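Colleague: As a plain string of letters, each chain reads:
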Amino acid sequence: MMNLDQVIHNFMNQPNALGYRVQQAVGYRDAAARGEISQSEYQDLLEDLRRLDDINLSADELDQQIAFNECISALKYIPLP
Amino acid sequence: MTTDNRRRIIGYSLLALLCLLLLSGCGLLPSRFDGQEHAMIVNVHVISQDDGVCNSRDSAYLAAQTMYQDARWAWNYGRDLPNNDKMATMTANLMAITRELDDRYKKGDSVSATYCRLKFKNIHQATDTILKVSARRPRL
Numbered sequence: 001m002m003n004l005d006q007v008i009h010n011f012m013n014q015p016n017a018l019g020y021r022v023q024q025a026v027g028y029r030d031a032a033a034r035g036e037i038s039q040s041e042y043q044d045l046l047e048d049l050r051r052l053d054d055i056n057l058s059a060d061e062l063d064q065q066i067a068f069n070e071c072i073s074a075l076k077y078i079p080l081p
Numbered sequence: 082m083t084t085d086n087r088r089r090i091i092g093y094s095l096l097a098l099l100c101l102l103l104l105s106g107c108g109l110l111p112s113r114f115d116g117q118e119h120a121m122i123v124n125v126h127v128i129s130q131d132d133g134v135c136n137s138r139d140s141a142y143l144a145a146q147t148m149y150q151d152a153r154w155a156w157n158y159g160r161d162l163p164n165n166d167k168m169a170t171m172t173a174n175l176m177a178i179t180r181e182l183d184d185r186y187k188k189g190d191s192v193s194a195t196y197c198r199l200k201f202k203n204i205h206q207a208t209d210t211i212l213k214v215s216a217r218r219p220r221l
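Here the protein sequences come in this chain order: X and B. Going by this note's numbering, the residue at position 17 of the first sequence is 17; the numbering climbs one at a time, nothing skipped. When you read off a place in the second sequence, starting at 1, and then add 81, the result is the number in this note's numbering.
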């Protein structure tokens, strides 16, 4: 059975946005452990990761809306056969 | 103009109108590009590039305050624009990220330079994502 550190390590090694976010979170934990940031600063930075994820989600959705709108606009100019 | 052509033009017009109604009804119509909203996010982006200010409390406080005010402006300005819910969600999150840093300086809390730099990095990431998609929105 994997322990928590192994689970985090597995997430960290994923070559995608999730992996990058987990790397950031682990970086925050290390900074807190070294005493470079306080406990409340650590909590806030972790909360930032959730907010950044929300921003990415909305950006993806808006991107899809833009692409769909461009397709519809292009279709209007293509004559029917 | 032949009757066939006329029918075709009317058909296209109705199709375009139907598409427009469907897109707006289903929330699939993106908001138009807005220069003022975009410019305010660019301001935050530019300020967040320079995390060297984190070495001085006064400079860091001024930068944090400006970023929060600009993010707040962008959210208040954009939240009532038509079909702008996605942008409003993003600026609301940006506002939350910038508010925390501003609050800590405002309350007189001790703020570590590392935390300040990490916050600047997060704000930079957020504005980078928002600006990339905002710039692609259709122009009038």
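Certain hints may be false.
As the list claims (entries may be wrong) - Among chain B residues calculated to face chain X with C-beta under 7 Å, some are:
# : residue
1 : 133
2 : 134
3 : 137
4 : 174
5 : 210
6 : 212
For the record, the hints were derived by calculation from the structure and aren't laboratory data. All figures in this text were calculated on a predicted structure; none of them were measured in a lab. Note that the Cβ used here is the ideal one computed from N, Cα and C, for glycine as well.
Colleague: Does residue 133(B) meet its interface restraint, that is, does its C-beta lie within less than 7 Å of any C-beta in chain X?
Modeller: violated, 17 Å
Colleague: Does residue 134(B) hold up as a contact with chain X if the rule is Cβ-Cβ below 7 Å?
Modeller: violated, 17 Å
Colleague: Report holds or violated for the interface hint on residue 137(B), using the least CB-CB distance to chain X and a cut-off of 7 Å.
Modeller: violated, 18 Å
Colleague: Regarding the hint that residue 210(B) lies at the interface with chain X, is the smallest CB-CB distance below 7 Å?
Modeller: holds, 5 Å
Colleague: Does the interface hint hold: is residue 212(B) within less than 7 Å of chain X, judged Cβ to Cβ?
Modeller: violated, 10 Å
Colleague: Does residue 174(B) meet its interface restraint, that is, does its C-beta lie within less than 7 Å of any C-beta in chain X?
Modeller: holds, 4 Å
Hints 1, 2, 3 and 6, counting from the list given before, are not met by this structure.
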